[in-house]
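There are 2 protein chains.
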Amino acid sequence: MKPIVQCVPNFSEGCDLDKIERIVAPLKNQPGFTLVSYEPDKDYNRTVVTLLGDPESMIEPLLKSIEITANEIDLNHQCGEHPRMGAIDVLPFIPIQNITMETCVDYAKRIGKLIYDRFQIPVFLYAEAAQEARRKKLPNIRKGEFEGMKEKIKHPDWHPDFGTAEMHPTAGVIGVGARLPLIAYNIDLDTMDLSIAKQISKAIRGSSGGFKHVQAGPVCLEERKHTQVTMNILNYKQNPLYRIYETVKMEAKRYGVHVTGSEVVGLIPQDTLMASLEYYGAVEQFSVKENTELQWIVQASIQYLKLRDFNASKIIEANL
Amino acid sequence: MKPIVQCVPNFSEGCDLDKIERIVAPLKNQPGFTLVSYEPDKDYNRTVVTLLGDPESMIEPLLKSIEITANEIDLNHQCGEHPRMGAIDVLPFIPIQNITMETCVDYAKRIGKLIYDRFQIPVFLYAEAAQEARRKKLPNIRKGEFEGMKEKIKHPDWHPDFGTAEMHPTAGVIGVGARLPLIAYNIDLDTMDLSIAKQISKAIRGSSGGFKHVQAGPVCLEERKHTQVTMNILNYKQNPLYRIYETVKMEAKRYGVHVTGSEVVGLIPQDTLMASLEYYGAVEQFSVKENTELQWIVQASIQYLKLRDFNASKIIEANL
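Protein chains in written order, with numbering that gives the first Met the number 0: chain A, 0 to 319; chain B, 0 to 319.
Okay, chain A solo, but in the shape it has when bound (with noise of 0.2 Å):
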């Protein structure tokens, strides 16, 4: 069996869906892995990229990419919600099948020293990948973005992994890396008052007493008229989404507040959705084990969970 990887690289452009086309066309159509997705964002200036497979396959073709990035994006005139050190910021590998998490930090080495010799972008490895503790977290590495980042590469404590201490002018930086998937995971709330969802977010998130691997805080979204606790679940395996869901519904009610709607962005594995299932089936009294096909658990999924804008594709191994 082949090894599968998720990688996920982060472009600093979201508005200019040319350019996009121009960066993500080497990723298109090639042998041994699929791009799944590219989600261009406007407010954030960024798009995520999400690609899955035989990471041998994607070297190449990430290259190329980060080439034309590199030659495209211009970061002394770029600006957006989203914090970044670099026209491509970050680049992880995440282990899925048949791979562990040492080879996916020996991808993120390779590659990053194949950075740094082509196109003299300097590299920061980080999360699994990281060779110092304070490196493990990325905004650790990230603080002070690309306008802070030329003195900051010039400090022995941030010299770059690879590369020497010289920012690439309007590249910056890239952090290269290998980490366990996370699920991005957000619960509408019928209201638009915006500490409702703030005070929610601190019940349940990690930094202020919550769940240990959630990372929560509140958003408006202005054009669905309501308001979100958005998450990311660093460790689905210990904070499983159904209690997660459960604690914000049991939360809202003290504010007369309803969960309309979840949705997950970007992938989800499989076995997430199960053990959640597994919840709603002891407790409904249906059986997860012989309910297995990914159309049942897509609609299950969506029935109690209250899924929106959710379907087979979101679930990696329906893309393998």
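If you are wondering where the hints come from, they were derived from the structure by calculation, not from laboratory data. Certain hints may be false.
When chains are identical, the list treats them as one kind, so a pair holds in a single copy or across two.
What the hints assert, rightly or not - Below, computed lysine to aspartate or glutamate pairings styled on DMTMM-like, alpha-carbon distance capped at 20 Å:
{"no.": "1", "residue 1": "Lys153", "residue 2": "Glu131"}
{"no.": "2", "residue 1": "Lys197", "residue 2": "Glu277"}
{"no.": "3", "residue 1": "Lys236", "residue 2": "Glu127"}
{"no.": "4", "residue 1": "Lys252", "residue 2": "Glu277"}
{"no.": "5", "residue 1": "Lys201", "residue 2": "Glu277"}
Position chain B against the provided structure of chain A, taking the given hints into account.
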């Protein structure tokens, strides 16, 4: 207004009731503070004593009780379920009213010095009184227990804060500290299946990804014929009772198990109960602000948290 602290010395004797009476005798009917309770536990072979009042008045009676304990308990011939390193194992000061944590730390240091000077029992300062990071957590100090302390105390890392590197031959050492109040809270499950209590404990406790300040484990109450999730809540402001109680109810559902009650061991600050009643008030539409008499708080807490064996004397403020 006089300063009020809670002081909770733990003595390593839970069986010999006559001995326990001699140990607590100097703490009874003293001016300036109240002996709220003393709770011997046979399985633990340990007695938890709760004092409430002016710390200044507690010093001499505590020293008298410690002197008696050092004569009565020989740890070379003591065993029980609870880990211990001293005949008087721990002595924490907890700020309640009109007193800062800093002042509680000062009291811990003062009595710590006196304990060594008078009885040659070495003292380790812990929690907020700790003078080194590794001594913040009591279990770090206590690791190895009485039996291991003889050697451990000679290592430069583990010299006591008061005294020489020589353990008291029968009374061991004492941990003296200052800390925030913690809530000992247990939730009853109508099952004898300990594995269910274990799964639920894992779901909610900080160490396995749950609520950050909750320590939880499963217990089987043979005589009461049910199991419990037994907890210490180290920060009840970030992890309020109602959130833990409702989450345990939610988790119990998947096992077809019911939460039949809950209990507070020792004392509980009034604002802990109020914070939970505010949740139920918002959900059930009753006003908490207008209901602040102690008797109402007790009744409502029994109703909404199914507290058993609960009455006003369990509330710290009722003892002032």
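Okay, the hints, checked on the actual structure:
1. Lys153 <-> Glu131: Result: close within a single copy only, 17 Å intra versus 34 Å inter.
2. Lys197 <-> Glu277: Result: close only across copies, 18 Å inter versus 30 Å intra.
3. Lys236 <-> Glu127: Close inside one copy (18 Å), not across copies (34 Å); limit 20 Å.
4. Lys252 <-> Glu277: between (24 Å within a copy, 12 Å between copies)
5. Lys201 <-> Glu277: For Lys201 and Glu277, only the inter-copy Cα distance (17 Å) is at most 20 Å; the intra-copy one is 27 Å.
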